[in-house]
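Asks: Listed below are the residues making up each chain.
There are 2 protein chains.
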Amino acid sequence: MAKTMDSAAMRQVNKKLVTSLIYNQSPISRIAVSQTTGLNKATVSSLVDELIQSEFVVEVGYGRSRRGRKPVMLEFNAEAGYCVGVDVQITYVTTVLTDLKGDVVFKAVRPIDFSKRQFAAEELERVLVDEIEAVTSKAPSSPHGIIGVGIALPGMVNFETGVAYYLPNIEITEWDVRGALSKHFPFPVFIDNDGNCGALSAYQTFASSPLVFVNAGIGVGTGIVIDGEVFRGANGIAGEFGHMTISTIGWLCRCGNYGCWEQYASEQALLRYLKERGQLAQSEDLALDFTTLAAQRAMRGNAQYREAFATLGTYLGIGMANIANGLNPERIVVGGQITHGAELLLPSIRTALRHRSILTNKDVAIDFADADAVVRGAARLCVANLIL
Amino acid sequence: MAKTMDSAAMRQVNKKLVTSLIYNQSPISRIAVSQTTGLNKATVSSLVDELIQSEFVVEVGYGRSRRGRKPVMLEFNAEAGYCVGVDVQITYVTTVLTDLKGDVVFKAVRPIDFSKRQFAAEELERVLVDEIEAVTSKAPSSPHGIIGVGIALPGMVNFETGVAYYLPNIEITEWDVRGALSKHFPFPVFIDNDGNCGALSAYQTFASSPLVFVNAGIGVGTGIVIDGEVFRGANGIAGEFGHMTISTIGWLCRCGNYGCWEQYASEQALLRYLKERGQLAQSEDLALDFTTLAAQRAMRGNAQYREAFATLGTYLGIGMANIANGLNPERIVVGGQITHGAELLLPSIRTALRHRSILTNKDVAIDFADADAVVRGAARLCVANLIL
DNA sequence: CTCTCATGGTTTGTATGCTAAACTAAAGAG
DNA sequence: CTCTTTAGTTTAGCATACAAACCATGAGAG
Numbered sequence: 023m024a025k026t027m028d029s030a031a032m033r034q035v036n037k038k039l040v041t042s043l044i045y046n047q048s049p050i051s052r053i054a055v056s057q058t059t060g061l062n063k064a065t066v067s068s069l070v071d072e073l074i075q076s077e078f079v080v081e082v083g084y085g086r087s088r089r090g091r092k093p094v095m096l097e098f099n100a101e102a103g104y105c106v107g108v109d110v111q112i113t114y115v116t117t118v119l120t121d122l123k124g125d126v127v128f129k130a131v132r133p134i135d136f137s138k139r140q141f142a143a144e145e146l147e148r149v150l151v152d153e154i155e156a157v158t159s160k161a162p163s164s165p166h167g168i169i170g171v172g173i174a175l176p177g178m179v180n181f182e183t184g185v186a187y188y189l190p191n192i193e194i195t196e197w198d199v200r201g202a203l204s205k206h207f208p209f210p211v212f213i214d215n216d217g218n219c220g221a222l223s224a225y226q227t228f229a230s231s232p233l234v235f236v237n238a239g240i241g242v243g244t245g246i247v248i249d250g251e252v253f254r255g256a257n258g259i260a261g262e263f264g265h266m267t268i269s270t271i272g273w274l275c276r277c278g279n280y281g282c283w284e285q286y287a288s289e290q291a292l293l294r295y296l297k298e299r300g301q302l303a304q305s306e307d308l309a310l311d312f313t314t315l316a317a318q319r320a321m322r323g324n325a326q327y328r329e330a331f332a333t334l335g336t337y338l339g340i341g342m343a344n345i346a347n348g349l350n351p352e353r354i355v356v357g358g359q360i361t362h363g364a365e366l367l368l369p370s371i372r373t374a375l376r377h378r379s380i381l382t383n384k385d386v387a388i389d390f391a392d393a394d395a396v397v398r399g400a401a402r403l404c405v406a407n408l409i410l
Numbered sequence: 023m024a025k026t027m028d029s030a031a032m033r034q035v036n037k038k039l040v041t042s043l044i045y046n047q048s049p050i051s052r053i054a055v056s057q058t059t060g061l062n063k064a065t066v067s068s069l070v071d072e073l074i075q076s077e078f079v080v081e082v083g084y085g086r087s088r089r090g091r092k093p094v095m096l097e098f099n100a101e102a103g104y105c106v107g108v109d110v111q112i113t114y115v116t117t118v119l120t121d122l123k124g125d126v127v128f129k130a131v132r133p134i135d136f137s138k139r140q141f142a143a144e145e146l147e148r149v150l151v152d153e154i155e156a157v158t159s160k161a162p163s164s165p166h167g168i169i170g171v172g173i174a175l176p177g178m179v180n181f182e183t184g185v186a187y188y189l190p191n192i193e194i195t196e197w198d199v200r201g202a203l204s205k206h207f208p209f210p211v212f213i214d215n216d217g218n219c220g221a222l223s224a225y226q227t228f229a230s231s232p233l234v235f236v237n238a239g240i241g242v243g244t245g246i247v248i249d250g251e252v253f254r255g256a257n258g259i260a261g262e263f264g265h266m267t268i269s270t271i272g273w274l275c276r277c278g279n280y281g282c283w284e285q286y287a288s289e290q291a292l293l294r295y296l297k298e299r300g301q302l303a304q305s306e307d308l309a310l311d312f313t314t315l316a317a318q319r320a321m322r323g324n325a326q327y328r329e330a331f332a333t334l335g336t337y338l339g340i341g342m343a344n345i346a347n348g349l350n351p352e353r354i355v356v357g358g359q360i361t362h363g364a365e366l367l368l369p370s371i372r373t374a375l376r377h378r379s380i381l382t383n384k385d386v387a388i389d390f391a392d393a394d395a396v397v398r399g400a401a402r403l404c405v406a407n408l409i410l
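Those protein sequence lines, which keep their order, are chains G and D. Mapped onto the working numbering, the consecutive letters of the first sequence carry residue numbers 23 to 410. Mapped onto the working numbering, the consecutive letters of the second sequence carry residue numbers 23 to 410.
Simulated from the structure, these hints should not be mistaken for laboratory data. Heads up, a few of these hints could be off.
Pairs involving identical chains hold if they fit within one copy or between any two copies, as the list cannot separate such chains.
[Unchecked claim] The calculated lysine-lysine pairs, modelled on DSS-like cross-linking and capped at a C-alpha distance of 27 Å, are:
hint	residue 1	residue 2
1	K37	K160
2	K25	K38
3	K129	K384
4	K25	K205
5	K37	K297
6	K123	K38
7	K38	K205
8	K92	K297
9	K129	K205
10	K384	K205
11	K37	K205
12	K129	K160
13	K25	K37
Take the sequences, apply the hints, and build the full model.
Replies: Here you go:
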């Protein structure tokens, strides 16, 4: 049943609203909070008192006013606690410690090539426990300590249950990540698809709604954020636009289908475009820094490389146009390894969008995320679910 | 700013919850409402009193209980008021009067071929006013009278502002429908895209979330309902999956793009498939009952016609798989003229979905809507926005 | 047929949390 | 120094939900 309201729930709603406002608009005075939310200033004072009590908010001196008493400025206390974020990729695991504002305090990258051999879930579990322990030991002491850990996984996961259905490449199925990790840690464990994590961190940066994150690396995944919430669909597996058919008789995809977008807009695709142009041997395989190096060559003026990126951009744009037509997002953010070629891709992405989407979607805002987007989004899971 | 809560808002939330429950689960007792919502029975009694006072709910006798006092059964009073729904299509305008439950009380179809000549907005306005007046005069007297009119339009419209951006085929742009009609009627006027209206009526039938409605007629439009709310995107034009590229070098679409889904999954497409198979002359054009007649031939065993429908079904399924992968809907409902060939289409739709979508999306529920889905959804706009 | 008790629904008292308005605090202007 | 403006707190009042006591009703036991 949908949620009922009572005074406790009412206060919770208002408290969240005030918290979010202070979080996003610091420094801000009580009176400004009252005015922008519409809440009575007495109510705001009382809510702020609670937030100060719990140390999530601090008073940071006085602001300006043309006449009369100066406002007391409030700020969200980023150091009230810390979050752990983990990004599990096929070739490495990145772990970060962030403050509550999402700023990275400590970061560790551990190379592990899941594509080389079969990994057992227990083995990955030990790696994760190690990395999380290493990172939490770096956390400064704080009122709330480590509030939680968020884990971004490359595959189909259920955020609600904490179970990973299926991680392709890593070849792990039906793994209860939350159950496994909760045994080791006193704080809550969140898991999500890496595309969703990227979307969450992009939302923190841009606050656009709806926002679509396109995670283009070895494959293509997407995440959708609507009104600040990750959109998960009926079974928690929404956002797999990477397996959208854009060419009915196209390339065979690892999913068994033909003509999936990810066959045309991923690093794998870039590799193929370069092979087609005779720039790489057929035996060549994806290295970790493949796109970075390819982008460097293209930037140095190699016409074949530039064309390969242009082609990739066109196909990225075609898929983005499809999504734009369907969801009419306010903004699309591109992340993943492919962003190393951002400047090379953007013109052809824009062209494809203008040709292939309708009305205002032609001019949808496009941005590129930085390399840490996914792992910061993973850490963000804690803040999004526990505080805001 | 997001919404704040006060006691009035709290009551409104709870009242809506109780209203919806009675609306959907009639007949139901106060105690059952209390138990399923979790609201205190005193609260339920007080809310129900208000609903009875305003005549939206009536007591309809006693239910059963194993021992003790019999429960007083409550029912939503479908005759407390009436809604008008209008479906503007290229060849006709359908107008219905429905009760608050959405049952059609009166229906009128007026053939008007917008494709034959240029229609001015004023001309269409007069038609709509005529039809709405005709239909409202049939409304039985009721406590709340006509609560509103909802208009489904085939094009890009802004639900919030009541302005139609662009109606292709009818060739009307930037028309303030709400402003024009509000002058003539005392009740509120809602407009929406026909796909969204279909989605809304499908949601009433199935209550699945997320739900996608695919409106396949002359073109293909879609509507998305998430948690009972139509998803409209940033500018109110979400749901144009009909212009999703499924073949990058495919047929030219009227939108200027190549390979749009609607070029492969609409009645226009069926016409082309039949021409390709030599079953129709190249000069043949779409008649109003084209698909109905074609389906009849196919059902009578004409192999060429059957294949044409199978091809159409495959392409419908490809687009549906794309949407399913991206949105992971609980259910996809197909509506529009194409549903006259439902039985012929379903097997190939299912096959395409199984091949082209991932995990649970392979088995997403598929249903076909009846012919009145869009116009009932238009009427539903009133109930959805004014009562529930 | 009467008593008991389970079940449905109402009444009453209380707690919570919001708002409005009065009040206090502080600072610039004249 | 006083007035006025702005920020924030205190107080009083109100709406609403909840809990518990209370009333109403009917089936089953005896």
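Asks: Does each hint hold? Answer for all of them.
Replies: Here's how the hints hold up against the structure:
{"no.": "1", "hint": "K37 / K160", "in the structure": "neither (31 Å within a copy, 50 Å between copies)"}
{"no.": "2", "hint": "K25 / K38", "in the structure": "both (16 Å within a copy, 11 Å between copies)"}
{"no.": "3", "hint": "K129 / K384", "in the structure": "neither (38 Å within a copy, 39 Å between copies)"}
{"no.": "4", "hint": "K25 / K205", "in the structure": "neither (31 Å within a copy, 39 Å between copies)"}
{"no.": "5", "hint": "K37 / K297", "in the structure": "neither (56 Å within a copy, 64 Å between copies)"}
{"no.": "6", "hint": "K123 / K38", "in the structure": "within (15 Å within a copy, 36 Å between copies)"}
{"no.": "7", "hint": "K38 / K205", "in the structure": "neither (30 Å within a copy, 42 Å between copies)"}
{"no.": "8", "hint": "K92 / K297", "in the structure": "neither (66 Å within a copy, 78 Å between copies)"}
{"no.": "9", "hint": "K129 / K205", "in the structure": "within (24 Å within a copy, 63 Å between copies)"}
{"no.": "10", "hint": "K384 / K205", "in the structure": "neither (49 Å within a copy, 35 Å between copies)"}
{"no.": "11", "hint": "K37 / K205", "in the structure": "neither (32 Å within a copy, 43 Å between copies)"}
{"no.": "12", "hint": "K129 / K160", "in the structure": "within (10 Å within a copy, 71 Å between copies)"}
{"no.": "13", "hint": "K25 / K37", "in the structure": "both (17 Å within a copy, 12 Å between copies)"}
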